[in-house]
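Protein chains in written order, with the working numbering: chain A, 1 to 628; chain B, 1 to 171; chain C, 1 to 595.
No lab work stands behind these hints, which were simulated from the structure alone.
Predicted, not measured: the structure shown is a model, and the values here were computed from it.
One or more hints might be untrue.
As the list claims (entries may be wrong) - Straight-line Cα separation of at most 27 Å, BS3-like style, residue types lysine-lysine; simulated pairs:
(1) K81/B with K620/A
(2) K509/A with K485/C
(3) K21/B with K507/A
(4) K102/B with K346/A
(5) K450/A with K53/C
(6) K334/A with K25/C
(7) K485/C with K559/A
(8) K507/A with K123/C
(9) K535/A with K485/C
(10) K22/B with K410/A
(11) K102/B with K275/A
(12) K22/B with K348/C
(13) K279/A with K102/B
Stated by the list, open to error - Just so you have them, the derived chain A footprint on chain C, three or more residues with Cβ under 8 Å:
(14) 25-32
(15) 56-65
(16) 375-383
Here a beta-carbon is modelled for each residue, glycine too, at the ideal position from N, C-alpha and C.
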Amino acid sequence: MIKSAKQLAELEHSYNSALAGAAARIVVCAGPGCAASGSRAVYDRLVEELTERGSHVTVDYLMENGAKPGSGIVALESGCQGFCQKGPLVRIEPEGLLYTKVHPEDVPELVEAVIEGKILDRLLYSDPATGEVYAREQDIPFYQDQVRIALHNCGAIDPEDIRAYLGKKGYQGLARALTMEKQDVIEELDQANLRGRGGGGFPAARKWAIAAAQDSTDKFIICNGDEGDPGAFMDRSIMEGDPHSVLEGMAIAGYAIGASQGFIYVRAEYPLAVKRLQKAVQEAKEWGLLGDDILGSGFSFDIAIKQGAGAFVCGEETALIASIEGMRGMPKPKPPFPSVAGLWGKPTVINNVETLANVPRILQQGAKWFRKVGTADSPGTKTFALTGDVANTGLVEVPMGLTIGDIVFKIGGGMRQGDTLKAVQIGGPSGGCLPGELLDVPLDFDSLQKAGAMIGSGGLVVMGQQTCMVEVARFFMQFIQAESCGKCTFCREGTLQMLEILERITKGKGNLEDLDLLEELGRAIRQGSLCGLGKSAPNPVLSTLEYFHSEYISHIVEKRCPAGVCQALQRYLIDGERCRGCGRCVKACPAGAIGGNVGSPYMIDQEKCLRCGACVDSCKFQAIEVRA
Amino acid sequence: MPGATAVEMRELVDSILTRHKKAPSSLIPVLQDLQDELRYLPEDCLTMVAHGLGISPATAYGVATFYAQFSLEPRGKYIIKVCDGTACHVRGSSPLYQAICKRVKLENGKATSKNGLFTVETVACLGACVIAPVVVINDKAYGQMTPEAINLIIDELEKEDGRDQVCKTAS
Amino acid sequence: MSWVLVNGERVALNGEKSLLDVVRKAGIDLPTLCYHPELSVYGACRLCLVEVKGWGIVAACHTPPQEGMAIETNTGELRRLRKIALELILARHDRECTSCSRSGTCRLQELAERFQVHQPRFKNGANGQSHRGRSIDASGPALVRDPNKCILCGECVRICSEWQGIGVLSFSQRGSHMSVSTAFDLPISETECVNCGQCAAVCPTGALVVKSHIDHVWEALHDPEKIVCVQIAPAVRVSIGEEFGLPPGDSTIGRLSAALRRLGADHIFDTSLAADLTVLEETSEFLKRFDAGERLPLFTSCCPAWVKYAEQFYPEYLVNLSTCRSPQQMLGSLVKRYYSGELGVSPKQVVMISIMPCTAKKFEAQRPEFTTGGAPDVDFVITTQELADMIREQGLDYTALPEEPLDEPFAKPTGAGIIFGVTGGVSEAVLRRAYEVLASEPAHAVEFTEVRGFDGLRSCELSFGDRTLRLGVVHGLSNAAALLKEIQAGTVHYDMVEVMACPGGCVGGAGQPLTRGDGRVRRRRGAGLYQGDSEQEVRRAQENPAVTALYQRWLGEPGSAEAHDALHTAYTPRRGNRSGDDGACAEVSSAHTAD
Ligand SMILES: Cc1cc2nc3c(=O)[nH]c(=O)nc-3n(C[C@H](O)[C@H](O)[C@H](O)COP(=O)(O)O)c2cc1C
Ligand code: SF4
Ligand code: SF4
Ligand code: SF4
Ligand code: SF4
Ligand code: SF4
Ligand code: SF4
Ligand code: SF4
Ligand code: SF4
Ligand code: FES
Ligand code: FES
Ligand code: FES
């Protein structure tokens, strides 16, 4: 049980000196990317190897027995370290060496190198463009332009050990807040101008102040960990990699508005996040950092975890509340806003995971410190999930105001080999697709809005030339259509009709009037829908219509998909020169579309052809080709 | 405990309801627990849950059919979730999905294979986009999947099931 | 005084909850399809959009007015949006107005016409999702559900759960697959539906309508072998005129009689007279229990929706229900049991038709216990609206009909019988009799205004020496459930409780002309009944000579064995929903008693 701020500082110190006692720490990334590439096996192998060599030492041992300098090596698992593309990642501390694509077979050699204080060159990252090899994580271009505030601990600490969090000054932000007046906590946040990272960019302090001003004995804090945007995993990484930062943020919010109960709403698709959060809540309670009379301040705060059940719309605040209340996740009209009447009709502050993870750091370091990063109107940083056809995919955190180009080309290392950039999709299904020309748009709430996109929660999908923008628009519309709650007319019926039109176009059956209809529908859905889902649903279509108009025209007028993606527009043709007239392809074709006489070139009837591709593989002479 | 008898189901429902203190707001976690046990939500159980929580059966049905997680039809032993989020879609999840459906011989419109072994679903983003396209089978994630690779994995699962069957008959 | 601007004109604010109220107050009728003044705000149809300067486009039904707001209701953009919303709704709507029973009263049809949506540009069946060809559910005794015409306004879902507290209907699935359905899409006859019909009364389209029995009635009327007796419920007289342009509340019982005669009815009776009988039977039953202090409170039993509700959810209170049949069934029983004999025909030859404000009465008439000699006591029940349809079909000019008397021996009710049609009426009628017995001196009191009014729950206490009679009056089954919970918890005590399922009692029944949630219409109908009461020479049931004659002729005295056979009934617990074993019934009730 920790009873005072002083004890917190002592624990920070004792944990760090214990760790410092180890000769080295080997931190294996156990984030989602690395785990799926087999990092668990690497960790197991590592512990085995260290034990065999007699150099295995645990944190518990170090804490209990005091650290004798150089006493063995600690093996740890961390949350996502960011550079998932090159996973499984292994970092060696305190040097900060980063090994990439580490496999269990590499472990003995790696351990050998650590023990001998050498660097294992073959596992280091080398820049494919320049060929330069980097030993230390912080020197790698991927990490260089990043600034880590929300992800400060993510990938650096063992997320299942509260002491590791305390070692990083954990819960000291809360300790400071508890010494302040409630309105001063809100004031600090206001000074920092922390804007909501869940997509809207609404100032957190303003939300808190409204809830604080309500006269109610029951108030609630909800952490929105629904993260339904396809192509986004920032919140997942924080919840899995640094769960206590979220809990601490919530406790501070609870103190500021006068709430004693918090809920974390996590997607059910994130079972590990659920497990880590549960563990974190339990540990925080055991240590007296949640529960009754926290740090002797008289403030009590508890947190419960609620799992979503597979509905994107439940990221929307009122739908999320309905879901916690056990109902269908259908949004309700606002006002009343949740900060006035939310969960069970009580004042409720809903903040995003990343927003809340920023809070403890602001309380620790002060608003001034926070404002040094980012822009005046959007201070701080933003995390992004960088994916798609970019060379380096991964989890990144950059100062607000950096341009999209910087992220794609500096951090992301540019496009994958041989590809060139076509578009960047930002903000998920609510966002837009921006063309290469708009790469200098600074990433902050307001600039993006002007460009017809939105920061959203932070999915950044880079698209190369092999992407069909009409198909992308159709894809998002299909997503939205399936995820619409069905309540209001524009969203329920309008997105269905938009999807129908887009499907028509990708099948080569569209006409030019369809484009006007798409625009008109898009505008109506945006203006008329009840909730944010509908209001932003047309964005991918409207932005592609604006920036990639010619692709629509190709599909409609030329019946051609320039990227060669739309299956219905592909044409399977037999090259008369190459065809030997063997007739094998006829047997392969399920549609009976191929005809001809043995010995002379065969032909494909385009009307009958299903574009299944079966014939291509059946031809021994590579005579059948696909044309966009 | 798929294949539970009526009495077992009632006991199961009762124990889950008690665990959640019969609060009407616990409907979703109750259904989640129930589905964890039975792999789907049988009608009778859903009605029992509704009565136990003091809400109407239609309301419970409305909730169960709103959320993608819940299934009112029996599901397979292996639940194959193919991610069709943006990153996965851009990197080829559709052909992957089709290949899987073909491999486990799904019939038109059905999500579960005839032998009850596989249920194939698409989900929107599993949060592992960097290793797109991603397939999750009973909570184990497989990254950078190709039709060939997934076919091998499914072969393995079929073998594993075969072994399970042998064990069952042996014991 | 605070105000807003509506299209540039100042409108004073006076506690209006939404912009919709304000705009309507300014004399502009905004279109709405999902707004109902007596239900929670839903905000789904998006037809009530207005533009607020500085805010943009918002839905008026759920935006609270703020001092100084400038609201526009008629911009080009708004017009486009309304039209496109209607086009979108119509795209997947089964547009078959000519054969739709809602045609003429359908709000969707009205708006499509008002906004001239003559060429919806969108496909029905977009992505293979059509709202055509889904099966129609006519399994229930009172309702027909046609999902192909549902526009998902949610009014039925809300009224069934908010007003009736049952939740038979819910939304299922989501997005474009969303629909209104029963649990597991069961036929409505297998659900806990109590047939109150309120869902159909609020449905703006033909997706939920009252099941019509008009064809059967015509058949009987046209059958020369049959003797057709018709009974007219109390609440019908003050509402049917609305169908022909007369104001609500004006009693047209004389014209109604004339119309029925012209349609071919042989005998025209007043259910209110049976209500007088009910008063005597029920009071006698009540006083016995009150003296003995047994099975209190006594719950009234003349509302069949409430009776089914109690059978389903409160089986432990069935012993408290009055054993009296409803006036409809009392009259049916008397006609089949005794009157047919006096006419010299078999009960099967007499066709008893009820004109009711009520859809649950259709169900009640079909209950197997209400038969005589193998024939149902009441053969067919048609609603006020259905009768109006028949009058129109026959081409009668209702307003021009003469006033004609009803037929003996069930022609002349007292004021007590007439007020049965409004919430509080049964209680007041019973009090007029009970008071006389309980008060040591003969009573002069006729009007008990304490029980009048339209609050969801009203109660009053009357003292008789050292005894106090505590009376509760509720309308709406969720109000009834709330009261029952308190009774169970022991926080309140009543000796008698009147329960009516419909808002305002039978004046607000689902068979009545549509009110579109306008509570004023119900109040005026109620006032019409009180007016009718005050105009009667005789206002206490016990003083009705016709009723006295009935006892002399057939029944003996109130509470006699004969009366019991003919006029009373028994209840059995029932399960509404298919839910596994029989234990479910007890479970249903315990679920309701638990908290
Ligand atoms: C359809 C929809 C989905 C949303 N999904 C999320 C989400 O997954 N996570 C999130 O934090 N916010 C999401 N939001 C935004 C939230 O409604 C809300 O604005 C946010 O959680 C507030 O937190 P913040 O102020 O800290 O950003 C979503 C909004 C909409 C309309
Ligand atoms: S906009 Fe879409 S998701 Fe939002 S309430 Fe309307 S139908 Fe539901
Ligand atoms: S298989 Fe190849 S070579 Fe043979 S007929 Fe077909 S296209 Fe010609
Ligand atoms: S693509 Fe398929 S359908 Fe078309 S010709 Fe080849 S095998 Fe036949
Ligand atoms: S519901 Fe209305 S619009 Fe639809 S068919 Fe019937 S009358 Fe016509
Ligand atoms: S309005 Fe037109 S379509 Fe309808 S019945 Fe009359 S003529 Fe026919
Ligand atoms: S008739 Fe009454 S009980 Fe039945 S569904 Fe409609 S509102 Fe509910
Ligand atoms: S059935 Fe009628 S009231 Fe119910 S949602 Fe459909 S249209 Fe609205
Ligand atoms: S209140 Fe009257 S109209 Fe309504 S269900 Fe009961 S008896 Fe019928
Ligand atoms: S999961 Fe290991 S770096 Fe992201
Ligand atoms: S898009 Fe497939 S895991 Fe994110
Ligand atoms: S009436 Fe306002 S949204 Fe339907």
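Now the hints, each set against the structure:
1. With a C-alpha separation of about 35 Å, the suggested pairing of K81/B with K620/A is violated against the 27 Å cut-off.
2. As the CA atoms of K509/A and K485/C are separated by approximately 62 Å, the hinted pair breaks the 27 Å bound.
3. For a cut-off of 27 Å, the pair hint linking K21/B to K507/A is broken: about 53 Å separates their Cα positions.
4. With a C-alpha separation of about 51 Å, the suggested pairing of K102/B with K346/A is violated against the 27 Å cut-off.
5. Only pairs whose Cα atoms come within 27 Å are accepted, and K450/A paired with K53/C is accepted, the gap being roughly 21 Å.
6. Note on K334/A and K25/C: the hinted pairing holds, with a Cα-Cα distance of about 23 Å set against a maximum of 27 Å.
7. Proposed proximity of K485/C and K559/A is contradicted: the alpha carbons are some 68 Å apart, above 27 Å.
8. Distance restraint check for K507/A and K123/C: the Cα-Cα separation of roughly 17 Å lies within the 27 Å cut-off, and the hinted pair is therefore satisfied.
9. For the suggested pair K535/A and K485/C, the alpha carbons sit about 43 Å apart, so the restraint of at most 27 Å is broken.
10. For the hint linking K22/B to K410/A, the alpha-carbon distance of about 55 Å lies beyond 27 Å, and the restraint is violated.
11. Restraint check for K102/B and K275/A: not satisfied, since their Cα atoms lie roughly 35 Å apart, outside the 27 Å limit.
12. Taking the CA atoms of K22/B and K348/C, the gap is near 52 Å; set against the 27 Å cutoff, the hint is violated.
13. This hinted pair does not check out: K279/A and K102/B have alpha carbons roughly 41 Å apart, beyond 27 Å.
14. Requiring three or more residues with a Cβ within less than 8 Å of a Cβ of chain A, the coverage given for the segment 25-32 of chain C is violated, as only 0 such residues are present.
15. Beta-carbon proximity to chain A at under 8 Å applies to 6 residues in the segment 56-65 of chain C; the threshold of 3 is reached and the given coverage holds.
16. Under a criterion of three residues with beta carbons nearer than 8 Å to beta carbons of chain A, the stated coverage of the segment 375-383 of chain C fails, only 0 such residues being counted.
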